Amino acid sequence: MSCNLLEFGRVQELKQVREFLFPKHNNSGPVEKKAQADNDLTWDDSDWGSWENPDNKEVGAQADEEEPHEQSASLLQDCVLSLSPCSDLMVIAQEHKAAFLAAKWKTAENGQEEMTLTVTWSGTLSIEEGECISSVVCIPLASQKRSSTGRPDWTCIVVGFSSGYVQFYTESGVLLLAQLLHEDPVLRLKCRTYEIPRHPGVTEQLSILYPAALVTIDGFSLFQSLRACRNQVARAAAAGSDVIQPPPLAYKKWGLQDMDIITDHASIGVTTMSVFDQMKNASSLGGFHASVKGSPPAMSQYITVGAGPYSGFFYAIEGSSQPLLSHVALAVASKLTSALFNAASGWLGWKSKNEEESLQKQKPKVEPATPLPVRFGLPDSRRHGESICLSPCNTMAAVTDDFGRVTLLDVARGIAIRMWKGYRDAQLGWVQVSETRGERDSTTSPSMPRRHAQFLVIYAPRRGILEVWGTQHGPRVGAFTVGKHCRLLYAGHRLMGVNSVTSQGWQIHTQQLCLVDLVNGAMRTISVPFHLALSDKKSERAKDMHLLRRLTTLLRSREVEPALLESEAQSAILDIKHPAIKKQALECLLSNKNAPVSCLTSVTCTLLANLKEQDAEAVDESLLQFCSSQCKLLQLYTDVQLLQTPDTSPTAPEHSSFQSTNEDLAQVGPVLQRYTEMNSRPSVSFAQDSSGPLPVRTFLAHLEWVNGELRVVKQPEADSTQLG
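Each residue of the sequence shown is one higher than the one before, starting from 1 at the first, in UniProt numbering.
One thing to keep in mind: the hints can contain errors.
Taking CB as the label site, the calculated pair distances span [as the list claims (entries may be wrong)]:
#1 Arg-424 / Phe-220: 33 to 43 Å
#2 Thr-124 / Ala-290: 47 to 57 Å
#3 Thr-118 / Lys-293: 17 to 27 Å
#4 Leu-574 / Phe-403: 42 to 52 Å
#5 Gly-287 / Glu-318: 23 to 33 Å
#6 Arg-151 / Lys-293: 39 to 49 Å
#7 Asp-78 / His-289: 48 to 58 Å
Calculated pairs, SDA-like style, for lysine to any residue (alpha carbon to alpha carbon, straight line, at most 25 Å) [to be verified]:
#8 Lys-583 / Trp-705
#9 Lys-15 / Leu-75
#10 Lys-97 / Val-519
#11 Lys-577 / Glu-559
#12 Lys-97 / Gln-224
#13 Lys-583 / Gln-77
#14 Lys-593 / Val-519
#15 Lys-104 / Gln-144
#16 Lys-543 / Val-597
#17 Lys-365 / Asp-184
#18 Lys-593 / Gln-641
#19 Lys-583 / Arg-556
#20 Lys-484 / Asp-184
#21 Lys-24 / Lys-104
#22 Lys-583 / Cys-605
#23 Lys-632 / Glu-568
#24 Lys-24 / His-96
#25 Lys-280 / Ser-126
#26 Lys-612 / Gln-641
#27 Lys-365 / Gln-224
#28 Lys-583 / Glu-561
#29 Lys-543 / Asp-620
#30 Lys-421 / Val-482
#31 Lys-104 / Thr-118
#32 Lys-583 / Arg-711
#33 Lys-543 / Ile-415
#34 Lys-104 / Thr-120
#35 Lys-484 / Thr-525
#36 Lys-484 / Glu-95
#37 Lys-24 / Glu-129
In case anyone wonders, no lab produced these hints; they're calculated from the structure. Source: prediction; values computed, not measured. Backbone N, C-alpha and C define an ideal beta-carbon position, used for all residues, glycine too.
Produce the complete structure using the sequences and hints provided.
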């Protein structure tokens with residue numbers, strides 16, 4: 001079992017989306033129109049001579065059909081794309097326009113349900129003149145109903161603009177909230193949601209990155225505010241009103257210092273250092289006479305990438321900055337005025353025309369940021385970081401740069417532990433795989449929690465390949481050729497509003513990442529088995545699976561000598577360590593139609609002898625019984641075939657009376673056949689058994705040896721006649 005690239009849906013109407021987002025490319029110029037008109041009135045001799053080589057004409061027509069699709073894909077590469085973790089909503093935005101695509105299910109010709117994303121809303125999202133969409137994130141909100149099974153109640157689309165505004169929309173394009181948190185362009189929006197509490201300190205949060213500031217919004221406050229705004233919008237629409245009053249929103253604003261250029265960030269969460277690290281940091285920052293607190297403080301860790309340094313590590317001590325309220329500063333909390341929700345808040349709802357004009361003239365108040373200097377970084381004067389992708393377990397982060405490198409960072413130690421070369425303009429994602437019960441080693445205690453493996457997914461658009469790597473120092477476990485016009489979408493979050501109480505019994509249906517082909521709209525995800533993360537020192541399951549794959553490949557090939565098949569199959573089955581995989585390999589060999597009986601008997605008996613030589617406590621009892629029963633059935637099949645073999649020993653010459661009888665039968669036979677054809681009637685006929693011997697795999701499938709008794713396995717009526 002290896003990595004698989006599975007298609008789970010398609011994006012429809014990509015051409016309509018491109019025409020909406022890029023209207024300039026739809027209308028041809030006057031010169032092109034005149035040339036087209038002249039072409040219609042004159043002879044078109046561009047394909048003259050194609051009769052001499054019709055293949056070239058077909059190739060040219062196919063190239064002409066593919067060219068518009070590739071042109072559309074190249075235009076969509078420059079757009080801002082965001083996909084919900086539930087894969088039921090996609091946003092494609094360019095400049096000030098955006099298109100929302102929602103999931104719809106339809107029944108295919110083969111009877112299976114297929115998911116497609118179709119356009120449900122498209123329009124303009126900008127408020128101020130000249131602002132453009134710079135970042136989009138889709139956040140599914142969990143349902144609070146007791147009957148919920150893990151599906152989202154609705155999805156909020158968060159849009160960041162070059163003017164600094166952050167706006168929140170529903171799936172139907174209804175504006176819920178809009179706030180100016182900083183007067184610089186929004187660089188990146190990222191969300192962090194609740195996970196199984198394997199790593200304490202991970203809370204829900206929305207982080208907004210600016211060129212020199214970082215704003216973090218508490219997830220609980222955001223969840224309650226979005227629910228309240230959505231309810232107010234529904235009531236206002238029912239009452240015919242156009243004014244809503246959003247609730248306050250708690251957020252923190254940090255001014256990132258001592259870094260020249262910031263392009264991306266990752267919010268790790270609340271961490272606590274060890275006592276040794278606390279003393280080391282205190283002596284490094286405060287010198288020899290620095291005082292050390294009794295208990296290490298809790299800190300929120302942030303990692304940024306860019307230049308000067310290449311990556312920076314920031315630590316904000318909890319309690320050093322009080323959360324700000326979106327509608328009023330803490331210093332003037334008692335001075336509530338009538339203009340509270342207009343000027344000081346920055347929230348924009350449906351207002352009257354006079355209020356909208358006053359809001360455009362007077363910008364909302366922007367709170368100052370709390371200074372946060374960089375604790376340390378990875379200096380590299382020539383290297384500029386482009387993006388950072390945090391692993392699901394918050395222990396590693398992958399960084400891309402302008403040198404075509406992908407660097408793996410250890411988040412806790414703040415060091416680079418691995419680097420890949422040759423991935424210019426790379427797009428990153430992560431896949432987390434949990435261990436199943438069948439994959440656990442026998443030496444591992446069953447009471448221990450399940451292990452999790454992290455795999456880094458790298459898409460290299462210039463080479464058109466998608467690779468899967470094991471971390472931290474694992475090999476490449478998968479590679480796929482996917483084309484140069486794809487986008488790797490990795491959300492990095494799941495449902496917002498989930499906690500340890502409400503999530504009990506839920507089965508959250510989310511895709512960890514999605515590869516979207518912008519040419520044909522195919523949406524694919526990656527399936528990685530857990531055993532690929534296991535090294536030979538910890539588990540030999542990966543080696544066993546490799547031997548099983550090699551055996552199945554050998555069995556598929558038709559031109560294999562029996563001697564070679566016997567030796568290779570025997571070597572592979574004996575080298576497999578896990579009893580379950582060893583039994584699976586033997587079953588594959590016994591069910592093969594091309595394997596001779598002598599090969600099956602030799603391999604099965606050799607394996608049985610090998611198991612009997614081992615310690616009785618170390619041998620799997622079910623495997624031993626299976627080998628023993630198959631050996632006896634194979635011996636029985638061989639004996640039956642010997643009984644059915646015609647005797648070739650010399651016999652006495654036939655009597656003359658028998659010869660005359662045969663001559664009479666030869667004369668009467670054609671007469672009876674003609675009589676049968678003349679008096680034939682429609683009737684039910686039964687297929688005659690083939691004259692050849694019964695295949696050994698059919699014999700083994702219909703019989704079993706249990707407790708010293710031979711039993712017939714109950715089969716469908718269509719197959720029960722094969723044994724007579």
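(request) Would you list, in rising numerical order, the hints stated earlier that this structure does not obey? (result) 3, 11, 12, 13, 14, 16, 20, 21, 25, 26 and 33
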